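Can you make the complete structure from the sequences, with help from the hints?
The chain contents come next:
There are 2 protein chains.
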Amino acid sequence: MLFAIIMAGGSGTRFWPKSRRDRPKQLLTLHGDASMLQQTVARIAPLVPAERIFVVTGADQAEATRAQLPRIPAANVVAEPRPRDTAPCVGLAAEIVAAQDPDGVMIVMPADHVIRPEQVFINAVKAAVAVVEDAPASLVTFGVKPTRPETGYGYIQRGEALEAREGVAVHRVAQFREKPDRGTAERFLASGDYAWNAGIFVWRARAILNEIRRHKPLLGAALARVGAAWGTSAGPDVLAAEFPEMERTPIDKAVMEKAGDVKVLEVVYDWNDVGDWRALRSLLPADADGNAVRGDVAAVDTRNSVILSDDGGLIATIGLDDVVVVQAGGATLVARRDRLDQLKAMVEGLGDRGYESYL
Amino acid sequence: MLFAIIMAGGSGTRFWPKSRRDRPKQLLTLHGDASMLQQTVARIAPLVPAERIFVVTGADQAEATRAQLPRIPAANVVAEPRPRDTAPCVGLAAEIVAAQDPDGVMIVMPADHVIRPEQVFINAVKAAVAVVEDAPASLVTFGVKPTRPETGYGYIQRGEALEAREGVAVHRVAQFREKPDRGTAERFLASGDYAWNAGIFVWRARAILNEIRRHKPLLGAALARVGAAWGTSAGPDVLAAEFPEMERTPIDKAVMEKAGDVKVLEVVYDWNDVGDWRALRSLLPADADGNAVRGDVAAVDTRNSVILSDDGGLIATIGLDDVVVVQAGGATLVARRDRLDQLKAMVEGLGDRGYESYL
Chain A
1 MLFAIIMAGG
11 SGTRFWPKSR
21 RDRPKQLLTL
31 HGDASMLQQT
41 VARIAPLVPA
51 ERIFVVTGAD
61 QAEATRAQLP
71 RIPAANVVAE
81 PRPRDTAPCV
91 GLAAEIVAAQ
101 DPDGVMIVMP
111 ADHVIRPEQV
121 FINAVKAAVA
131 VVEDAPASLV
141 TFGVKPTRPE
151 TGYGYIQRGE
161 ALEAREGVAV
171 HRVAQFREKP
181 DRGTAERFLA
191 SGDYAWNAGI
201 FVWRARAILN
211 EIRRHKPLLG
221 AALARVGAAW
231 GTSAGPDVLA
241 AEFPEMERTP
251 IDKAVMEKAG
261 DVKVLEVVYD
271 WNDVGDWRAL
281 RSLLPADADG
291 NAVRGDVAAV
301 DTRNSVILSD
311 DGGLIATIGL
321 DDVVVVQAGG
331 ATLVARRDRL
341 DQLKAMVEGL
351 GDRGYESYL
Chain B
1 MLFAIIMAGG
11 SGTRFWPKSR
21 RDRPKQLLTL
31 HGDASMLQQT
41 VARIAPLVPA
51 ERIFVVTGAD
61 QAEATRAQLP
71 RIPAANVVAE
81 PRPRDTAPCV
91 GLAAEIVAAQ
101 DPDGVMIVMP
111 ADHVIRPEQV
121 FINAVKAAVA
131 VVEDAPASLV
141 TFGVKPTRPE
151 TGYGYIQRGE
161 ALEAREGVAV
171 HRVAQFREKP
181 DRGTAERFLA
191 SGDYAWNAGI
201 FVWRARAILN
211 EIRRHKPLLG
221 AALARVGAAW
231 GTSAGPDVLA
241 AEFPEMERTP
251 IDKAVMEKAG
261 DVKVLEVVYD
271 WNDVGDWRAL
281 RSLLPADADG
291 NAVRGDVAAV
301 DTRNSVILSD
311 DGGLIATIGL
321 DDVVVVQAGG
331 ATLVARRDRL
341 DQLKAMVEGL
351 GDRGYESYL
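Residue numbers (my numbering), protein chains in the order written: chain A, 1 to 359; chain B, 1 to 359.
Honestly, I wouldn't trust all of these hints.
If chains are identical, the list can't say which one is meant, so a pair holds when it fits in one copy or spans any two.
Pairs of lysine to aspartate or glutamate, DMTMM-like flavour, derived with a Cα cap of 25 angstroms [unchecked claim]: (1) LYS344 / ASP287; (2) LYS344 / ASP321; (3) LYS126 / ASP103; (4) LYS258 / ASP322; (5) LYS344 / ASP301; (6) LYS344 / ASP289.
Just so you know, these hints were derived from the structure itself, not from any lab.
It should be emphasised that the depicted structure is a prediction, and the values quoted were computed from it without experimental measurement.
In structure tokens:
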């Protein structure tokens with residue numbers, strides 16, 4: 001059976017003032033008419049029924065997450081006692097899946113990415129499932145065909161070509177690469193051998209648990225103890241005791257770069273990790289001057305800007321270029337788009353300025 | 001006796017979103033802790049008691065004006081039935097003064113300028129009164145010593161030097177000049193013969209009425225009819241009938257440029273006509289980065305900007321230079337300072353965009 005694991009951690013800084021401590025990006029409706037999380041659940045729903053969809057999130061956000069997903073069983077929203085990066089998160093999910101179905105296959109996907117069109121995604125998931133059904137030890141990743149020399153994403157270099165599945169090309173992974181500099185990204189794009197690492201994985205639960213045990217034996221043993229107690233009355237206590245002590249490490253580094261049978265699917269869809277307010281320029285409809293606008297806005301002599309009025313007030317702009325103006329929750333951000341890398345530090349400093357209530 | 005006439009007309013566009021149709025600039029508290037109008041009344045109060053202070057304003061604004069000035073008799077707030085520029089306004093005030101005191105002296109001053117220090121202003125008023133007491137037909141204007149080649153003000157060229165009064169130099173006026181271009185303004189500044197036309201006049205009521213009758217006989221006759229009825233039960237009806245038909249013309253052009261005995265005092269004080277949001281940079285205390293800030297503001301990597309949060313929300317800025325951000329009355333303006341000349345047109349266009357409620 002196929003299970004879906006939606007990774008919904010994350011803090012509330014990159015989309016401030018809309019995001020807050022208890023309202024991180026995946027819970028926000030940034031485009032369309034549903035939150036990023038709700039859109040992610042809807043994306044996989046054609047292949048996975050609600051009772052096999054799990055959401056792993058932070059303890060602070062579990063309640064709001066359940067409220068947004070009334071059709072998902074409350075117990076399927078799993079609260080991490082403390083953030084430990086993706087390896088413990090993925091391992092915990094794999095234990096839960098394996099406990100329900102020893103041969104269960106799982107897709108792991110971030111809660112806060114945009115993928116279009118959905119049919120191409122669905123087709124890629126089917127291809128991945130076919131791959132792991134043939135080769136039960138395989139770990140499959142999604143590699144998005146790059147369209148620009150992006151320096152903000154990790155890359156996957158393709159190795160030997162294997163047979164195509166459902167029309168999707170399958171390759172061995174030659175290597176994973178961290179976010180490159182501009183020149184390297186241009187070389188990656190020109191070579192045609194590299195894909196963006198989209199953070200989506202498909203594998204049998206037992207396969208990833210085996211690999212975790214092999215490469216991170218302490219983590220594997222701790223996960224096994226949690227898995228053994230899962231579903232019993234001791235489950236919550238064992239999770240609370242074990243999870244915070246697990247090694248804080250990403251699954252890519254902990255396992256994927258070392259595992260034996262790692263494959264990459266070449267997926268060809270629009271993909272956007274919605275990294276910050278800049279991303280809305282390609283997600284919201286643009287006006288004739290290239291502005292992405294939502295709510296009551298009067299933009300005069302204004303270009304290439306993102307202007308959101310989510311509190312009901314009017315925002316009027318004159319003479320702006322490449323600026324982000326967002327009003328939400330009683331706060332207004334006005335920032336040059338190319339300075340948004342300072343947003344996190346600004347938000348983290350609000351407490352020192354006496355503005356804790358806006359965190 | 002000395003009377004004060006405060007000209008408090010004006011629309012609500014240049015300080016939008018704080019200014020609105022029924023709340024023009026002079027009624028706003030833009031700096032300090034009182035409105036521009038209240039600060040203007042306080043400035044002249046050491047020389048003129050409340051019952052001899054008159055405020056001429058628009059019909060839409062009379063009520064709000066009276067509410068701001070509880071110590072001024074309600075009848076002293078005179079509502080123009082329709083805006084007719086400054087010649088009818090000044091003439092109406094002169095008729096009212098002459099009716100109370102045939103030898104009355106009046107100072108005419110705008111409601112929305114900043115003058116510092118006040119003692120220098122008071123001293124200049126005393127000097128002007130001394131001049132018109134000696135020469136009853138004189139029209140006296142205030143010429144502010146210029147400190148920069150400002151292109152936004154009118155200028156007065158000084159002619160023959162007369163005796164100083166109260167330590168203030170008195171000259172005949174050689175000519176009035178409209179707002180100059182940059183090169184002309186630089187020449188004016190270098191010559192030392194030019195002063196900024198500050199829009200403040202001192203004269204006997206009868207002297208200005210005589211000059212109006214001489215140069216604008218139709219206007220003079222209409223004003224005389226209003227003056228004859230003033231204070232009788234017919235007063236309001238005569239004003240309502242006559243005023244809208246009066247010639248719409250500024251007092252400078254209608255009379256001052258043609259009158260025989262026009263003198264200019266050289267006044268040396270800080271003067272600011274608070275033309276638009278830019279002006280607040282010199283009126284509000286600036287932070288270390290040259291920002292004028294009021295209310296809850298977090299300005300990061302931001303310079304030379306004006307940021308006002310008057311609705312109680314937080315405004316956070318990142319990476320701005322020379323930008324105006326103002327939040328008031330449920331609306332937010334974000335504008336490059338050098339594009340503020342588009343503000344009037346933007347505000348006037350709000351109705352067409354469906355945002356009438358913000359006018």
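Tested hints:
no., hint, in the structure
1, LYS344 / ASP287, "between (28 angstroms within a copy, 23 angstroms between copies)"
2, LYS344 / ASP321, "both (22 angstroms within a copy, 20 angstroms between copies)"
3, LYS126 / ASP103, "within (17 angstroms within a copy, 99 angstroms between copies)"
4, LYS258 / ASP322, "neither (42 angstroms within a copy, 52 angstroms between copies)"
5, LYS344 / ASP301, "between (29 angstroms within a copy, 13 angstroms between copies)"
6, LYS344 / ASP289, "between (28 angstroms within a copy, 21 angstroms between copies)"
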